[in-house]
Amino acid sequence: MLKAIFAGVAALAVLAALPAQARTDRIKVHGASLEGNLEGNSPDRDVLVFLPPRYDSDPGKRYPVVYFLHGYSVGAEAYDALAKFQEAVDQAAAAGNEVIVVVPDANTKFKGAMYGASVTTGDFERFTAVDLVKHIDASYRTLARRESRGLSGHSMGGLGTLKIAMKYPGVFSSIYAMAPCCVAPTSITAEQLQAAQAVTDEQVATAGGFALATPATLSAWAPDPQNPPHYFASGIKDGAVDPLIIARLQANAPLVMLPQYLPALRSLEAIAINVGDKDFLLRDDTLMHEELNRFGIAHDWEVFDGDHGNRVNARIRSDLLPFFGRHLDK
Amino acid sequence: MIKALIATAAGAALLALAGGPALAQNITAPAPTIPPGITVEAPKVPGPSLAGNLEGNATEREAMVVLPPSYKTSPNKRYPVVYYLHGFAIDGRNFYNYMKVPEAVARNAAAGNEFIVVVPDTLTKLGGSMYSSSVTTGDFKAFIAKDLVSYIDSHYRTIANRGGRGLAGHSMGGYGTWTVGMTYPEVFDSIWAQSACCVSPRVETVESAQKLSSVPIEQGVKGDFGTRAALSSMVAWSPNPKNPPYYADPPFKDGKVDELVMAQWANNSPLAMVAGHVPALKSFDAIGTDVGTKDGLIRDDTMMHEELEKFGIAHTWLTYEGTHTDKIAQRFDEIVLPFFAKHLDKAK
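Keeping their order, the protein sequence lines are chains A and B.
Each residue of the first sequence is one higher than the one before, starting from 0 at the first, in numbering that gives the first Met the number 0.
Each residue of the second sequence is one higher than the one before, starting from 0 at the first, in numbering that gives the first Met the number 0.
Bound conformation, chain A alone (with noise of 0.2 Å):
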């Protein structure tokens, strides 16, 4: 259906002879990083494309790309019906800011990826900075450098942004995270992990929202193979939580990593973080803020009038696009 509405769009624009057209591709991105996971998610990732309008009509010119991720309960279709990245795009594009932005999928059976490197969900950290990227500058006429490459993300693409510029310092020159999520590291019950075995496959194929949160974060953090159904660590050990299973949950929180990866951090061109001031993870985010201010990490920090996704079509708009505009080598 969708593919039907762009096809018949562009029609109409061939037709009415605009000077040029932009193309969303929808492809198949096959993850090295993702096979064999324990999970079943599929290795070959839906990934949505946006072409700047020029791209078919200038056929020597190569374009920085901006990555973004989406967050947690959807896909990245849902993301684009929220954003609407071709548009933004064309946007960008008509004020001079020329880029080609790049939505990978990362929904999963509890979800979302939560980004872990996990034989559980299969390594979307790596699957995104390696396998994404290799295939984007393969298929693509882009700006195959650091310096053109931008990486951003909502909520659990927030996180995921801030996890994978720490952890593959060298892909990208700029990251930007609006309202990342798990920023901070918590603890866990033995009710909720008690709660999170049980999990059924009609929760599963019914749940929505974030019902299935707490699975996805022990499946992308606390995996085990030898632990079927879900195959994640059940965390109790002599009848309470084993302190093992917080740690490991902890250590995917940026807070948490951010004092041993600071080399990373630091040779980034830009970061930015910002968050609605009515978003249940202001607290959270402004920890992180302050932070980064702690060791000297500069940044763009705002809060923004807004909840938790009500300002994200406006704001890839108003300042995620022009914040890469500003940092990535055209």
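Hint data in this document are derived by calculation from the structure and do not stem from the laboratory.
In this text the structure is predicted, and so the values were computed from the model without any measurement.
Mixed in with the good hints, there may be bad ones.
Here are the simulated SDA-like cross-link-like pairs (lysine to any residue), alpha carbons at most 25 Å apart as the crow flies [what the hints assert, rightly or not]:
#, chain 1, residue 1, chain 2, residue 2
1, A, LYS236, B, GLY55
2, B, LYS281, A, LEU291
3, A, LYS166, A, GLY295
4, B, LYS281, A, PRO224
5, B, LYS255, A, LEU291
Since chain A is already given, all that's left is putting chain B on it; use the hints.
Only chain B this time, still in chain A's reference frame:
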């Protein structure tokens, strides 16, 4: 518990090495015999990754480089390199002394296993770098995996690729083998951890946290093994450039154990790291680890072995009758270097 283990290990080390009477002293050992044909060099290796560290640790580090006999006589031959990381409260040269590295290199070369062995010095103000990436101590992970490797590859006839590089270490160096290996898997082909310390997350009680947080730095630098090991962990794992004189966050805050600091420390625990580094670990040609049955660290090291098993990560796991230190030099010669001989590319 962890403190007790470290204290035991320290006691064993000091007894075994007949170290000086003062506990704060770093461990020393007499210079080893250098067998005929063996060349030993001690270059100062620049460490850009250590620049600007807040403890004032030297950014140029001595590395003991032991060359096999044919290095001089076969000027076109290239060699695999085993990087060997020392433990806590000792420097690189004294570890090289204690491990009798020249003799091990000579014996292995005579058996057809020719290596260059490199022992870098990572002694810091408080007794050990923990081979971590800290603005306070310096980024010793990158120093080992990048600065040192690139220096050795550009100054010696090495097999300058992954297939020609092994990483090993004892105690804190065994810990470094795990963490540097997991962080920079593309650099090394195979790894071996001897009696690795600090494998499970370091935990503090309110009392121990409070005590650790109140050690004046003048006493800290002279403290006993356990105190200095705890302080070294703190500056390596919860650095804070705005909190002099240690430039680190102590584990005690507002009358409680600081949970963020505990989480930051746990994030440096190999046992907590495995689950997030399975692809890195599986990418090694081979992994080995061993520990003595009389070493207090056997419990932790067994947990590491079990964790690797759980994730289906192939590895050699050996226990032997011995303490934290009494068999390690012999085992470097008889077990560790022959292990690398099986897995690294041969001298050619």
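Find the hints from earlier in the document that the structure breaks and name them by number, from lowest to highest.
The structure breaks hints 1, 2; every other hint is satisfied.
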